[in-house]
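*Asks:* Residue-level listing of the chains:
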Amino acid sequence: MIIIYGYSKLAAEISFLLNKEKREFMVVEPEPRVYKFAMRDKYTDKIYKYEFYDDQELIDCGINSGKVTTLFCMHNDFTKNLFVTISARSLNPKLQIISLSTNDNDTKKLKLAGVTSTINPYEIAGLNIFRRIDKPMCVDIIYDLLHSDSNLTIKEIRIEPGSILDGKFFSEITVIKKHNLILLGIQDKELDNEFIFSSRGINHKIDVDDTLVVMGRICDIERLKEEIKGK
Amino acid sequence: MTNTIIKLAYYIEGSKSYQKFRTFLLHLLEDTSRKEKKFFDLLMIFFVISTVGILVYEVQHTVPNILIQYEYFVVFIFILEWLGRFILSFESHKQIIRDYEEAQFLNMPYDIVSSLKIITRKKLHYVFSMASIIDLLAILPSYRPLRILRVFLLFRLFKVLRYSNSLNQFIKVFVEKKLELSLLLMLYILVIFFSATILYVYEGNGLNPKILHFGDAIYWAFITVSTIGYGDITPMSEAGKIITVVLILTSYTVIAFFTSIVTSSINEKLDGIKELNIISNIKKYKEYILICGYGRSGHALVQSLKLNYHNLLVIEKEPIDISIGKTDDIHVIKDDATNIDLLKQIGINRNIKEVVILTNNDAVNLSIILSIRSLNKDIPILARCNRFKTKNKLKLAGATNIIEINETAALVAMGYIKAPIAYEAIDDILVDYKGALMSEVEVFAYSPFIGQKLSAIEFDKFHINFIGLFHHENPTNFIFNPDKEETILQEKDFLIIIGYERSIDDFKTYIQSQKSIMIG
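Top to bottom, those sequences are chains Y and P. Okay, so the first sequence: first residue is 4 according to the working numbering, each after it adds one. Okay, so the second sequence: first residue is 315 according to the working numbering, each after it adds one.
Mixed in with the good hints there might be a few duds.
[What the hints assert, rightly or not] Within a straight-line C-alpha distance of at most 27 angstroms, the following computed DSSO-like cross-link-like pairs (lysine-lysine) qualify:
1. 631/P with 620/P
2. 181/Y with 691/P
3. 798/P with 158/Y
4. 703/P with 180/Y
5. 732/P with 23/Y
6. 732/P with 12/Y
7. 138/Y with 767/P
8. 631/P with 598/P
9. 180/Y with 798/P
10. 631/P with 180/Y
11. 114/Y with 138/Y
12. 138/Y with 775/P
13. 600/P with 491/P
14. 138/Y with 491/P
15. 138/Y with 600/P
16. 45/Y with 703/P
Hint data in this document are derived by calculation from the structure and do not stem from the laboratory. These numbers were taken from a predicted model, which means no experiment stands behind them.
Make the full structure from the sequences, and use the hints.
*Replies:* As structure tokens, then:
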């Protein structure tokens, strides 16, 4: 379950994509005017009119139940995002909170409040244009990877206890190549969750709780997961 | 006679060497973006200053013969320059051809006299234009019988203005503020005349031995009002002293007024001068990116472009918001990007790699796209779309690529919920300059790998991850991780790789020449 707080333009785009992927989500909008506006879009059953100033409202939505995985704070008013971020974080330390931020100062405050990641649409757009100018092909590929209707994707595979990859070195892994996948790198728990690219870390050892990042066709990734799973 | 002239006109029109000569003159004398013109201007400034120097030297010394010869040479160059400008000023043969063809078309007898009249009028108009008169005054006094006019040689200094664009702008200040300045001058003259008259009335009757006639009084008033105050003529009477005090008080007002007019208008002009400078600079770049609209996304774009050493030019109408970021080190023109004249001046040419339009108003964006398309049909344009519904209109207007800010951000948000680690990693590899980078490598015509299997490339040696490739036959279809034994590399294929910056650079040279095999 994903909660979107504030029905801004960006929130509308996100709900559109979530709806397309048939994910479970709800939109929370405090302002009556925007609420009415939101009701005009397709998913009326998913829109609720909460203020989120009271922790009880957050609990009612199931923020600390483990059912909610992600909270998007997408309100156009930064202070409201900040407030909701702090409340949600105090209720659930594990929740993924993604907030809208339009400048660096806001980002700093949100980080202090415990946000997982921030999204600055203007910065993203600027970077995106730069990439389109500088590396048009790479951008196309990345977009392909992100779009749900593409065959190619990028996935994270967590090494479970007993996995056949536990204790192996990067250079020893043949199973990934066998399935026609590319290992981009690994997030190592021992190294403070640092991401290591496969091209650098040839002599890197894989342990339980590390996360492999692989790229390839969805079916191939599923087969790989099946093969390396611990018994 | 008429026939000969018409034939001559057609001959000139068709003559290649005339066209060559004309473009040469244009480049040398008029085209400010040309190196030739710059060199020529500098040379002329040197000529002017050196000959005026000779004039000053001549006052107390005898000038050696060689310098006199030099001066003749310079005058000769000046004459050639004037003739060149005279030729460029109006194309006479075109007028003849036009009139002749018109007469033919209307089935009327061709009257050469009327054509010649027009030509003469146009040419005379040039001869008596300000620029030409200054040129002529710089030449004529060198002619012996006119030696008396030698002081006019100083007019050559005015010629310097002609060779410097920025100085020209300063002259324009005086032209533009003509009304204010002439008002001021009137006031000035009135004050001087008024006080001179009073002083003359009281002291010109023999009381003051230094004031012999009205001219002395005027001279005194002028020296006092200008705050110079030599003190060679001082008032003797009570009335004279009072009028001096009044005069001094007025003079401050006048000077303050004058200074403020000139400073404010120079300030106004300064932006224009800077802009001219930016435009002439930008024309020298082999390739640059034009950005219309500088907001938050523009700022983010500029930052990344700068890190990658791209040249850029920003056009923004509004004063730039300081909270977004400083713009000290980028070229910014404060103007309206929908203005076709401005775009023409900048030159929408092949040296623009891409035009990026980023204002938050779709109607403005549309107008900018159309302005640019009216000047150039092929330049890639990337436009920001603020409302989903206008996307098609922007495409229709001629944008090659459209970016919708919220849509892009929403995709990133999806990336975060689907695979946060992978997403951040992949996001970094597109822009991170310290860590690994994703990059595209083109296989150029002379690469030794053409016709070879992919397995011939030693990716591992460079610590490079090979992701896939684009075949030149089908550039939109990305082939992910192809079989290295079965794929044959061809010219213009693109390899998509991930690796560290150093190794990518090495890898690129390796693909091109296989050279680094020796080193590695």
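*Asks:* If a hint holds in the structure, say so; if it does not, say that too.
*Replies:* Hint check results:
no.	hint	verdict
1	631/P with 620/P	holds, 22 angstroms
2	181/Y with 691/P	violated, 49 angstroms
3	798/P with 158/Y	holds, 23 angstroms
4	703/P with 180/Y	violated, 45 angstroms
5	732/P with 23/Y	holds, 14 angstroms
6	732/P with 12/Y	holds, 21 angstroms
7	138/Y with 767/P	holds, 25 angstroms
8	631/P with 598/P	holds, 24 angstroms
9	180/Y with 798/P	holds, 12 angstroms
10	631/P with 180/Y	violated, 54 angstroms
11	114/Y with 138/Y	violated, 31 angstroms
12	138/Y with 775/P	holds, 24 angstroms
13	600/P with 491/P	violated, 39 angstroms
14	138/Y with 491/P	violated, 51 angstroms
15	138/Y with 600/P	holds, 19 angstroms
16	45/Y with 703/P	holds, 17 angstroms
Checked against the numbered hints above, the structure breaks hints 2, 4, 10, 11, 13 and 14 and satisfies the rest.
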